[in-house]
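So the sequence lines, in the order shown, correspond to chains A and B.
Take the first sequence: its position 381, counted from the start at 1, is 366 in our numbering, and no numbers get skipped.
Take the second sequence: its position 20, counted from the start at 1, is 5 in our numbering, and no numbers get skipped.
Keep in mind that the hints were calculated from the coordinates and are not lab data.
Treat the hints with care, since some could be wrong.
Identical copies go unnamed one by one, so any copy, or any two together, can satisfy a pair.
[What the hints assert, rightly or not] Derived pair list, reagent style DMTMM-like, types lysine to aspartate or glutamate, alpha-carbon separation capped at 25 angstroms:
#1 22 to 104
#2 203 to 402
#3 452 to 27
#4 38 to 75
#5 57 to 422
Number of protein chains: 2
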Amino acid sequence: MSSATPTRRRSRGSSRRDAPISQLDWGQPRHRHPLIKVVSDDETAAIHQTSLKILEEIGIVFGDDEALRIFKAGGALVDADSGRVRIGREIVSAAIDSAPARFHLQARNPGRAVEIGGDAIAYTTVLGPPNCSDIVRGRRPGSLADFEDFVRLGETFNIIHMIAGSPVEPNDIPVPIRHLRSAQSMMELSGKVPYVFAHSRQRVWDVLEMLAIVHGLKGREALADAPRIYSILNTNSPLQYDGPMAGGVIELARHNQLAVISPFSLAGATMPLPLAGAVAMSNAEALAGVTLSQLVRPGAPVATAAKTINVDMKTGAPAFGSPEANKALQIGAQLARSLGLPFRAANFNSSNAPDAQALYESQASLWAAVTAGTNLVMHAAGWLEGGLCASFEKFVLDVEILQIMSAYLTPVPVNAETLSIGEIAEVGPGGHFFGTERTIAGYEKAFYAPLISSTQNYGAWQEAGGKDATQRAHDIYQRALKEYRQPGLAEDRQAALSAFVERRIAEGGAPVD
Amino acid sequence: MSSATPTRRRSRGSSRRDAPISQLDWGQPRHRHPLIKVVSDDETAAIHQTSLKILEEIGIVFGDDEALRIFKAGGALVDADSGRVRIGREIVSAAIDSAPARFHLQARNPGRAVEIGGDAIAYTTVLGPPNCSDIVRGRRPGSLADFEDFVRLGETFNIIHMIAGSPVEPNDIPVPIRHLRSAQSMMELSGKVPYVFAHSRQRVWDVLEMLAIVHGLKGREALADAPRIYSILNTNSPLQYDGPMAGGVIELARHNQLAVISPFSLAGATMPLPLAGAVAMSNAEALAGVTLSQLVRPGAPVATAAKTINVDMKTGAPAFGSPEANKALQIGAQLARSLGLPFRAANFNSSNAPDAQALYESQASLWAAVTAGTNLVMHAAGWLEGGLCASFEKFVLDVEILQIMSAYLTPVPVNAETLSIGEIAEVGPGGHFFGTERTIAGYEKAFYAPLISSTQNYGAWQEAGGKDATQRAHDIYQRALKEYRQPGLAEDRQAALSAFVERRIAEGGAPVD
Chain A
-14 MSSATPTRRR
-4 SRGSSRRDAP
6 ISQLDWGQPR
16 HRHPLIKVVS
26 DDETAAIHQT
36 SLKILEEIGI
46 VFGDDEALRI
56 FKAGGALVDA
66 DSGRVRIGRE
76 IVSAAIDSAP
86 ARFHLQARNP
96 GRAVEIGGDA
106 IAYTTVLGPP
116 NCSDIVRGRR
126 PGSLADFEDF
136 VRLGETFNII
146 HMIAGSPVEP
156 NDIPVPIRHL
166 RSAQSMMELS
176 GKVPYVFAHS
186 RQRVWDVLEM
196 LAIVHGLKGR
206 EALADAPRIY
216 SILNTNSPLQ
226 YDGPMAGGVI
236 ELARHNQLAV
246 ISPFSLAGAT
256 MPLPLAGAVA
266 MSNAEALAGV
276 TLSQLVRPGA
286 PVATAAKTIN
296 VDMKTGAPAF
306 GSPEANKALQ
316 IGAQLARSLG
326 LPFRAANFNS
336 SNAPDAQALY
346 ESQASLWAAV
356 TAGTNLVMHA
366 AGWLEGGLCA
376 SFEKFVLDVE
386 ILQIMSAYLT
396 PVPVNAETLS
406 IGEIAEVGPG
416 GHFFGTERTI
426 AGYEKAFYAP
436 LISSTQNYGA
446 WQEAGGKDAT
456 QRAHDIYQRA
466 LKEYRQPGLA
476 EDRQAALSAF
486 VERRIAEGGA
496 PVD
Chain B
-14 MSSATPTRRR
-4 SRGSSRRDAP
6 ISQLDWGQPR
16 HRHPLIKVVS
26 DDETAAIHQT
36 SLKILEEIGI
46 VFGDDEALRI
56 FKAGGALVDA
66 DSGRVRIGRE
76 IVSAAIDSAP
86 ARFHLQARNP
96 GRAVEIGGDA
106 IAYTTVLGPP
116 NCSDIVRGRR
126 PGSLADFEDF
136 VRLGETFNII
146 HMIAGSPVEP
156 NDIPVPIRHL
166 RSAQSMMELS
176 GKVPYVFAHS
186 RQRVWDVLEM
196 LAIVHGLKGR
206 EALADAPRIY
216 SILNTNSPLQ
226 YDGPMAGGVI
236 ELARHNQLAV
246 ISPFSLAGAT
256 MPLPLAGAVA
266 MSNAEALAGV
276 TLSQLVRPGA
286 PVATAAKTIN
296 VDMKTGAPAF
306 GSPEANKALQ
316 IGAQLARSLG
326 LPFRAANFNS
336 SNAPDAQALY
346 ESQASLWAAV
356 TAGTNLVMHA
366 AGWLEGGLCA
376 SFEKFVLDVE
386 ILQIMSAYLT
396 PVPVNAETLS
406 IGEIAEVGPG
416 GHFFGTERTI
426 AGYEKAFYAP
436 LISSTQNYGA
446 WQEAGGKDAT
456 QRAHDIYQRA
466 LKEYRQPGLA
476 EDRQAALSAF
486 VERRIAEGGA
496 PVD
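Let's have the full structure, built from the sequences with the hints guiding it.
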């Protein structure tokens, strides 16, 4: 039990390329503890009633003709000129009732299916930053090569359940064909559940065709037997869905794929300043999307995110990771639970570096999400700069805090055996438990084995190079890329996928909106 | 609302020495949400019954003759040769009943009294490291000058409710007089509740005499009208109290001062490997101290910390900040709540630098403590290296996460006014809330104003020097020391305090045990 010997062994181990990174096995963590309530059940109900009133009396604008037709057919009051839709509460309530409380997403690797809802938690990679960084090469606009490295990290780490894409924007690929090249990379490099951007109907259709191919199905219509892909649908607050987002909700529902309805709302900017009003409005926006989805296909999988983020009144920027954002998130989770809808959150922070701020904000976001009963945590690994940069070191630091959270959520067995009174009597006052039968048999697996966290003493740490956690994360992301193994894809499906992509590229891809 | 202008104004502000640091007002955060339960109520009861059985059947060793006499007089079975005390469950239960569930600690600054117990949370500075560090001067053994700087920071930041001392060990002061010089510094430099080490009866008496002087009381016996100081009493696990710790429990109870009974226990080393058994034994040790306290003086203020920390089986070091430690902490908190005793936790981490690891571990420790209903968080600011180093930057980073937690715990009002339906209708789809009457009136105080966290965009941040959070924390600790104002102490009390210290130093101080 001296610190020197195991430390040396460990440091030799980490320099050997054949020693795999020690990580948790694949699996979804589960909520086990009573969940936080920031407001009372009555207050939750009052917020929801306000949301219903907003939809019924004020209404919400949809910038898509098909959406307006669907709402009209569903009984809503539609003003075709302004696109404003007033949705009666009975229509919204029916949609809430028909939306499933939990469901599975199938993956092309059958061992990587994911449950959404109930007590399940799922984590995704970061999604959407235009830039990426690592501490050696610095900050740069993302490329397809960077995109692919993030997908490889998402595939390698078991605590990441779904790929969100683009984990970084592949700026070197022309926009009309970017969805094709990036979806191809995502589906080839990972067997986990992939992501589709709802930038236009054509692009959604293209990616769904590709998804059908890698699942061995005949065309995108055949996907409707099970959810296999997901997309974030943002509102254009206050109270607006633009054309692509409305179209995305419709197409995902039509194909029975997961629409994560996520108002991106700023209290004091696109939402009222008081959090209660901001969450009420955010919930209204989310429920409008849920309603559209369920009008297209009752039972289509949806998740909501009636959350809001405050603006930093000093910089005018969204304060991702702020205490108010965490409270608003938890009220949103209470609302979703009360409605029986899966709830999404995010691992947010505003920091410009993978530093102390990035991690205290991320850790607070994660604890807020988990203690509130969140089912899907977007941007769970790699997000920096309020979403403008994907960091390779942050990705690994986040993997560590996600794994630690899983260890925290593992139940503590309390029984005659674990209460240990016989062993305590045997050891007695002043003894020690290092040598007891149970300690020797159990110690290797008794506690979480850290990925990055060090308990080395200062001298040993200095001798080993004195690397801080971010520098150690850099080393681990490099090792993870070396250890990455591409999951196999049947030869005929691979050929069909390539043929489809090359044909669509030859056709010019999808026009830019 | 452009980001450039306020950013520039802010960066000018932070370089002006006359601009005071923006921080929260003095006040204690309060628990408001339902608290986490890691195990069921039945399991909590089973753990407690095991603790009672340990005390009754196995017993616990006290290395202090007076403690043995007190236990014998109180009805326990005492083996004078071995010092082993077997305490019947009715004796323990009576002590639990007589210990107060909540009480106040008076401070020499009347505005800095602190409530312990109930829904109150109190934070202390770091306590006990032999070394300290800052990123400019590096790591070094602590001196009285460093000690005093940490006390000044503790006095300056309102979120720190009590001074824990030594925040760093003043190694340049000879041990026999160290308690005198350091207590003098603590009591002169801060008007907040101070700390006394229970290293020997003589040293406790000396510090209590000094406490009486600064409160204008005639001798330490006069302190018994109200709690004004506190001490951590560690057990020597398994199942032992050494002489100074037992003596400390007795002297604190005798003077009606707060004894924080804190078994320092390592699962798989000084405790059984299973957390249930480790917490049961830790709780037994804590309750032995509570019982001794209450036998001396029924109603004497105590707090407990039936927690345990696992050993990192790779390094043999305590894994401060581990997920198992956080779970064990929360079970301990459940036990304390079920017994009606105030509960202490700590802001733990194992990192060797004020880096990402330090903060993700600290943030997890803090969330675990707060969601479990902890009343007193020791080492809340400044702890590094598993307690072997006090870091000036970590102190300020911790102040930030403590302030953020307070903002998180502030209630969200839900009522017709905050639900904002009128304002939402007025702004309508596609508008914005920047210019509404309420946003303009309320935005300055609506959200937490960060101490360190930055939401600057990357370009503005780079232009301002690209300092990471730890570097910004360095600047703020330097500013805080410049802004520090020593609280006044009446001339006669100051003179009496100095005279007492000089006399005791002339007498040789207190002999080393």
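Quick rundown of the hints versus the structure:
Taking the closest pair of Cα atoms, residue 22 and residue 104 come within 25 angstroms of each other both inside a single copy (16 angstroms) and across two copies (16 angstroms). In this assembly of identical chains, the alpha carbons of residue 203 and residue 402 never lie at most 25 angstroms apart, being 55 angstroms within a copy and 55 angstroms across copies at closest. For a Cα distance limit of 25 angstroms, the shortest separation of residue 452 from residue 27 qualifies neither inside one copy, at 51 angstroms, nor across copies, at 45 angstroms. In this homomeric assembly, residue 38 and residue 75 come within 25 angstroms of each other (Cα to Cα) only inside a single copy, at 11 angstroms, whereas the closest approach across copies is 59 angstroms.
For a Cα distance limit of 25 angstroms, the shortest separation of residue 57 from residue 422 qualifies neither inside one copy, at 71 angstroms, nor across copies, at 36 angstroms.
In terms of the numbered hints stated before, the structure departs from hints 2, 3, 5, listed from lowest to highest.
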